[in-house]
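2 protein chains.
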Amino acid sequence: MMERMDLKTEVRKMGKKAKDVSRLLAQLSTDAKNKALLEMGDDLKKNQAFLIEENRKDLTAGEKASLSPAMLDRLRMTPEVIQSMAKGLREIARLPDPVGEIVKMWRRPNGLTVGRMRIPIGVIGIIYESRPNVTADATGLCLKSGNAIILRGGSEAFHSNQAIVHLLQESLSKVGIPGEAVQIFSRIEREAIKEMLQLEEEIDLIIPRGGEELIRFVVAHSKIPVIKHYKGVCHIFIDETADQESALKICLNAKTQRPGVCNAMETLLVHEKIAGNFLPKIAEVLRKEGVELRGCLETRKILSGIKEAKEEDWYEEYLDLILSIRVVKGIEEAMKHIATFGSLHTEAILTSDYQNGQRFLREVNSSCVLINASTRFNDGFELGLGAEMGISTSKLHAFGPMGLEELTTTKFIVYGEGQTREL
Amino acid sequence: MMERMDLKTEVRKMGKKAKDVSRLLAQLSTDAKNKALLEMGDDLKKNQAFLIEENRKDLTAGEKASLSPAMLDRLRMTPEVIQSMAKGLREIARLPDPVGEIVKMWRRPNGLTVGRMRIPIGVIGIIYESRPNVTADATGLCLKSGNAIILRGGSEAFHSNQAIVHLLQESLSKVGIPGEAVQIFSRIEREAIKEMLQLEEEIDLIIPRGGEELIRFVVAHSKIPVIKHYKGVCHIFIDETADQESALKICLNAKTQRPGVCNAMETLLVHEKIAGNFLPKIAEVLRKEGVELRGCLETRKILSGIKEAKEEDWYEEYLDLILSIRVVKGIEEAMKHIATFGSLHTEAILTSDYQNGQRFLREVNSSCVLINASTRFNDGFELGLGAEMGISTSKLHAFGPMGLEELTTTKFIVYGEGQTREL
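Top to bottom, those sequences are chains A and B.
Going by numbering that gives the first Met the number 0, the first residue of the first sequence is number 0, and it counts up by one from there.
Going by numbering that gives the first Met the number 0, the first residue of the second sequence is number 0, and it counts up by one from there.
One or more of the hints may lead you astray.
As the list makes no split between identical chains, a pair holds if one copy fits it or if it spans any two.
[Unchecked claim] Straight-line alpha carbon distances no greater than 30 Å define the calculated BS3-like cross-link-like pairs of lysine-lysine that follow:
no.: 1; residue 1: Lys-300; residue 2: Lys-272
no.: 2; residue 1: Lys-63; residue 2: Lys-300
no.: 3; residue 1: Lys-287; residue 2: Lys-63
no.: 4; residue 1: Lys-18; residue 2: Lys-86
no.: 5; residue 1: Lys-328; residue 2: Lys-173
no.: 6; residue 1: Lys-86; residue 2: Lys-7
no.: 7; residue 1: Lys-63; residue 2: Lys-222
no.: 8; residue 1: Lys-222; residue 2: Lys-15
no.: 9; residue 1: Lys-193; residue 2: Lys-248
no.: 10; residue 1: Lys-287; residue 2: Lys-309
no.: 11; residue 1: Lys-309; residue 2: Lys-16
no.: 12; residue 1: Lys-328; residue 2: Lys-86
no.: 13; residue 1: Lys-230; residue 2: Lys-16
no.: 14; residue 1: Lys-34; residue 2: Lys-86
Quick caveat, the hints were computed from the structure, so don't treat them as lab data.
Values in this document were obtained by computation on a predicted structure and should not be read as measured data.
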């Protein structure tokens with residue numbers, strides 16, 4: 000009980016500190032923020048040995064705890080990883096400052112001039128797992144957008160994250176910004192997350208980044224708005240008129256270029272009129288890359304010997320070299336399949352038919368809808384946002400990749416000349 | 000237990016229906032939606048006698064339950080109230096359709112053309128109290144923005160709300176839109192709200208409109224994103240250089256034109272250099288309108304005999320003819336007071352000093368910040384949004400008045416020519 004009270008007090012104190020400093024961060028000049036970002040990048044590089052040493056503690060613990068080689072790999076901080084963290088911070092410094100931007104301005108009949116001005120959200124809480132580079136990326140994005148950040152990383156990266164935040168805080172102090180602009184939990188129990196999720200008055204937004212189970216836990220316990228990303232069951236529909244050479248390249252790219260990420264293709268939908276011709280070709284290309292195929296009844300008539308795709312396959316985010324394939328009657332059935340089994344993440348149509356392309360773009364309401372391009376482009380950098388805080392598959396506030404703009408909100412500003420309201 | 004299971008099933012069924020119909024609503028043409036809105040307005044007027052009869056049942060029950068005269072007044076549907084509901088629907092028909100708007104479009108170095116297109120949010124749940132006109136307003140706004148709506152009105156307006164929704168559903172059917180576009184709870188127990196708030200898969204957004212207690216209940220129980228409005232503790236700061244004649248008019252308007260609404264002034268902050276001169280004048284003007292004044296120590300030295308404003312007064316949303324007054328050293332102390340006691344709703348500075356005006360506008364991060372105008376202008380109609388779904392004082396998705404645009408989100412659309420991703 001005593002323990003629990005201490006935790007509550009400790010977490011609330013972090014929230015209060017973040018809220019206090021957030022007012023100051025909202026007013027920082029672009030120059031001051033950029034100077035801090037460059038300093039942070041330099042200091043990470045200069046302290047490479049320290050970071051690698053602290054990271055080693057996590058790796059040793061991870062080996063003892065028998066983490067998978069893939070997990071250990073994501074955890075590992077090499078000189079290259081540190082270089083790329085520093086480069087990320089420098090790139091954020093180069094992006095335009097969203098704070099203070101006047102998004103729109105108009106004049107009312109009574110002479111009031113009304114506008115909408117971008118302002119920071121305030122305090123952002125990030126709950127994440129594994130990769131320590133998120134610590135620096137998220138801090139850089141929040142600083143540039145004028146927000147205070149509270150981090151709660153995974154226990155497996157405890158020492159690495161503490162070390163990074165320690166350096167970032169020092170860099171901030173050097174340029175005259177309070178270190179409290181970035182805080183990280185030193186307590187890693189789940190109870191600490193629960194307490195954090197109660198701080199409605201102090202924290203304005205929670206962004207969980209991790210597995211579906213973590214995200215469901217956060218949504219279930221949070222009084223604070225959550226921007227979330229459950230999964231990416233991404234589809235490509237090959238229309239009757241698709242350019243088949245191009246379709247082969249796009250499907251190969253979408254499935255195999257990085258199968259473990261959320262914007263990789265999981266289900267291929269093929270128009271029945273070209274299935275007999277196209278499926279053997281795509282099967283050959285994908286099998287060369289080691290992709291396991293699972294098909295509907297029609298698919299299996301054409302590609303004999305492949306596994307059956309069961310109903311649960313259509314819902315599945317494999318994140319692996321596995322692809323489910325379904326033959327459909329046309330765009331109507333393709334869109335119906337996507338509406339039923341999709342996760343609102345990313346869908347593409349490959350077609351030469353103008354009407355079908357436009358219709359798919361208009362009617363499919365996933366966070367990113369593409370014509371004749373790979374699903375892999377649903378990414379903040381690739382779409383031109385300059386940076387990415389994650390991808391949202393919930394429709395509130397942000398839908399799709401979140402860049403700096405999505406870390407702000409707008410307030411109404413009004414220039415008057417003594418106006419009063421009559422009705 | 001059986002009862003509880005029935006409720007769960009019933010509520011989930013409503014959610015499923017709304018989700019199904021939302022796909023169709025998202026694709027409706029502007030013409031079809033406007034036709035429905037006009038039909039709805041006409042049908043409400045034609046069925047005035049029926050509405051007044053149903054409303055009478057609520058009024059009778061309300062009288063028996065000893066509702067306050069103010070409550071009964073808000074509940075009452077007169078021919079004028081029905082006319083104005085119909086007029087509201089016609090006005091929504093005249094507003095531009097936000098769905099399908101391309102907010103931005105740009106080209107990437109690899110030739111991809113990327114844009115952001117407005118789409119409906121999906122299914123919106125409204126939980127509200129008292130005034131039956133919200134039933135028609137909210138339905139009109141959701142329909143125009145392509146969203147399905149689920150309503151849960153207060154028990155005191157049960158018959159009125161059921162009658163309105165019945166008519167709205169009939170109007171929809173007449174023009175070929177499924178009546179499920181608008182649904183209303185026939186069960187009014189709080190348990191029904193709790194069940195509704197679990198429907199993460201079916202409902203995309205909850206907007207509670209009512210007292211602070213209701214809103215806290217919704218936030219505490221919801222797995223669905225909530226856009227909320229706790230209270231409006233609105234400030235006016237009279238700077239040393241304010242035009243005092245204009246300041247008297249603005250303060251009178253902000254405090255007394257409609258004291259019971261959220262954008263009325265609750266606290267007046269006055270620069271110490273003009274307090275001796277300005278306070279007696281404003282006190283005279285406000286006392287004539289029956290406003291009770293409560294002041295800080297300095298204020299009470301100037302306005303002898305007024306009550307003391309205690310610390311809790313600075314936090315208070317009176318919603319009544321009461322005003323707390325504080326003398327401050329200048330803009331710095333005024334902004335500090337607002338940051339400490341404000342509710343992020345609406346704040347105004349009255350000044351002739353350019354720098355102070357700009358600084359207040361930039362540094363005060365409430366949903367609406369004004370120079371030389373009444374706080375009463377923080378309203379969707381007055382700011383030019385054309386209509387209003389309520390005012391948000393939380394920063395996510397919408398901050399300030401919510402119009403049709405705020406009932407949409409944007410998806411990324413991509414026109415490609417066979418592009419694949421390399422890194």
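Evaluated hints:
Only within a single protomer do Lys-300 and Lys-272 lie at most 30 Å apart by alpha-carbon distance; the minimum there is 14 Å, versus 89 Å between protomers. Taking the shortest alpha-carbon separations for Lys-63 and Lys-300, neither the intra-copy value of 49 Å nor the inter-copy value of 72 Å comes in at or below 30 Å. Proximity of Lys-287 and Lys-63 under a CA criterion of 30 Å is satisfied in neither setting, with 36 Å inside one chain copy and 79 Å between copies. Proximity of Lys-18 to Lys-86 under the C-alpha cut-off of 30 Å is restricted to the intra-copy arrangement: shortest distance 29 Å within a copy versus 44 Å between copies.
Proximity of Lys-328 and Lys-173 under a CA criterion of 30 Å is satisfied in neither setting, with 64 Å inside one chain copy and 33 Å between copies. Taking the closest pair of Cα atoms, Lys-86 and Lys-7 never come within 30 Å of each other, the shortest separation being 37 Å inside a single copy and 52 Å across copies. Within a single copy, Lys-63 and Lys-222 get their C-alpha atoms no closer than 37 Å, and across copies no closer than 37 Å, so neither meets the 30 Å cut-off. Taking the shortest alpha-carbon separations for Lys-222 and Lys-15, both the intra-copy value of 16 Å and the inter-copy value of 25 Å come in at or below 30 Å.
Taking the shortest alpha-carbon separations for Lys-193 and Lys-248, neither the intra-copy value of 46 Å nor the inter-copy value of 49 Å comes in at or below 30 Å. Taking the shortest Cα distances, Lys-287 and Lys-309 sit within 30 Å of each other inside one copy (24 Å), while across copies they are farther apart (77 Å). In this assembly of identical chains, Lys-309 and Lys-16 lie within 30 Å of each other by CA distance solely across copies; the values are 26 Å between and 52 Å within a copy. Proximity of Lys-328 and Lys-86 under a CA criterion of 30 Å is satisfied in neither setting, with 48 Å inside one chain copy and 46 Å between copies.
Taking the shortest Cα distances, Lys-230 and Lys-16 sit within 30 Å of each other only across copies (24 Å), while inside one copy they are farther apart (34 Å). In this homomeric assembly, Lys-34 and Lys-86 come within 30 Å of each other (Cα to Cα) only inside a single copy, at 14 Å, whereas the closest approach across copies is 55 Å.
The structure is inconsistent with the numbered hints 2, 3, 5, 6, 7, 9 and 12, although it conforms to all the rest.
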